[in-house]
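If you're matching them up, the sequences are chains S and Y in order.
Numbering (full-length UniProt numbering) for the first sequence: 1 to 308.
Numbering (full-length UniProt numbering) for the second sequence: 1 to 299.
Don't read these hints as lab results, they were simulated from the structure.
Watch out, some of these pointers could steer you wrong.
In silico DSSO-like cross-links for lysine-lysine, where the CA-CA straight-line distance does not exceed 30 Å [to be verified]:
| id | chain 1 | residue 1 | chain 2 | residue 2 |
| --- | --- | --- | --- | --- |
| 1 | S | LYS302 | Y | LYS153 |
| 2 | Y | LYS185 | Y | LYS127 |
| 3 | Y | LYS126 | S | LYS302 |
| 4 | Y | LYS127 | S | LYS302 |
| 5 | S | LYS58 | S | LYS302 |
| 6 | Y | LYS153 | S | LYS58 |
| 7 | Y | LYS153 | S | LYS226 |
Some chain Y residues close to chain S (C-beta under 10 Å, calculated; not the full set) [unchecked claim]:
| id | residue |
| --- | --- |
| 8 | PRO64 |
| 9 | ASN68 |
| 10 | TRP73 |
| 11 | THR76 |
| 12 | PHE80 |
| 13 | ILE256 |
With the C-beta cut set under 8 Å, the calculated list includes, among others, these residues of chain S facing chain Y [stated by the list, open to error]:
| id | residue |
| --- | --- |
| 14 | LEU152 |
| 15 | GLY254 |
| 16 | TYR297 |
Being a predicted model, the structure only gives us computed values, none of them experimental.
Glycine is no exception: its CB is placed at the ideal position from the N, C-alpha and C atoms.
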Amino acid sequence: MADAVAKPPRVTRRRTGGPPRRLPYLLIAPAGLLMLGFIAYPMLSVLYYSLQHYNVTKPWRNGWAGFANFTRVFTDDPQFWDTLVFSGKWVVTEVLLQLLLGLALALLVNQTFLGRGLARALVFSPWAVSGVLTTTIWMLLYNPSTGISRYLADAGIGTYGTSVLSDTGTVFWAAVVAELWRGVPFFAILILADLQSIPGDLYEAASVDGAGRARRFFHITLPHLKDAIILSTLLRGVWEFNNVDLLYTLTGGGPAGQTTTLPLYVANTGINGHDFGYASALTTVAFVILLFCSILYLRLSKFGGDTT
Amino acid sequence: MTTALAEQGTPPAPAAAPPPAARAKRRRGLDQGVPRWQIYLPLCLYLLFTLVPFYWMLLFALRPAGSNALVPWPVTGEHFQKVWNERSFGIFFQNSMIVGVASLVMTTAVALAGGYALARFDFRAKKGFMLALLASQFIPGALMLVPLFEIFKNLQMINSLGSVVIAETVFQLPLSIILISGFIKNVPVSLEEQAWVDGCGRFRAFCAVVLPLLRPGLIAVGSFAFVHSWNHFLFALMFLSSQDKQTIPVGLNTLIGADSVDLGALAAGGVIAAVPVVIVFAFIQKWLITGFSAGAVKG
């Protein structure tokens, strides 16, 4: 990556007159400044706030707090543990199901068949849809009086007036299905992109040697996809953990806090509860957990281990 | 290969014998000899899962209030009129467009510069910059709301679309830079060098030689940026306080949260929200897969 690029600057020095040593820095300056100002600085202020009592509604208490906020997170906040457990359950379920369905879908639309282009466009289309729009669509489907369940009840399946979103027994799976609907295409697109880089001769050679479909899949396709799968599950896991759009609008974290993830809890604490200090401590903890899990995952999965 | 086909059970051949070109095409398929029904059956099931929700939204948007028909007939425009005029979706649409296009332009321009630096130069801060780009992927936007809110308050940008544009751009940048540098690496340096020899400056050579070759990649990255900021909800919800500054996702959320949900209006609002991204998606669809394989995974 780095070795092929040393040459050009010397030529430019003659051509443009400007000292090219500064050029790369000039080029990354806009991106760098934006990220310093709007990612790094806010991140540092989160760290700073986490050590403060900072609550807009209780200004008389504001000031240095030391580790009081963190002590509260770990020893005095059962809701934190609940949201952490739910986050874990949410991320693992979503990523696992999205991976399996996405892989199946990618293998499917990688075949040659009539109408493939159209089929691809259609099955990938929910990828472009947002959390709130997903919510809108699934609210209409889940509506107890005019949604799918009513028509199913008309046909003799199930009962009238079931609201999957207000029942603690079904709300988790109702949210999971809605998120799957728009999440599977992401996996399918990434995996399909990687599938297309597998040389066809490999399969031909394998079939000549008498390898069946299952063996070709496990000995050629899967090993080749390994890094793409690790990377996309990691990215998606981080995203499913962080993203609050869908749950915020679909369930609002309810019923009875059953679907509140840690980031959603943070948003509620900070924005609605105005307790910025405590929200910042929660943020810091969430970030550390996320980073720890990601590193652990990369280590355990031996990412990039056998490519070089 | 033909034997392999035979061993696995020949697919039910199409009624007419396929022309040789089509046949050759089929052989190039990844896993030869899959029976057709094993493709079409799961595909149809998955299509059902994908399309029924879309259809349901269209159904509610187009059929008159109170109707229970499963086919939207007679078609009515009442819900659209209502959300567009009474629920100010006209203004939301305009605001979303401004945010979407502005962050598209900013993201692409800034990422183009950064991506070029990463692809073509070796400089001391390069490793650190790459690391920062990757690390930023782990920072949750939702968790940064509080400090970002304070920053924009200090900049007196609360309740201006600019705050949302900046926030969307910043969180789109890392991935866009990585993608674009991947695309630039695919353009041979020798092409640029030739232009320098012909007397172009670096900038002119870049515009004349590299930029045209980057077009598919830029369209992909720009579209991601547009779709992302069109869809994103939290920044607009938090930074824009007055209703005439709001964007479509926030407008949809107010319809969802209303005490008695007007399902027709909600569905019509959903269709309005979906139309631009569907158009963009249809437009970039063919570059989507190559875009990902060129930039993201192998960068």
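### Query
Which of the numbered hints above does this structure break?
Per hint list: 1, 5, 7, 8, 10, 11, 12, 14, 15 and 16 violated.
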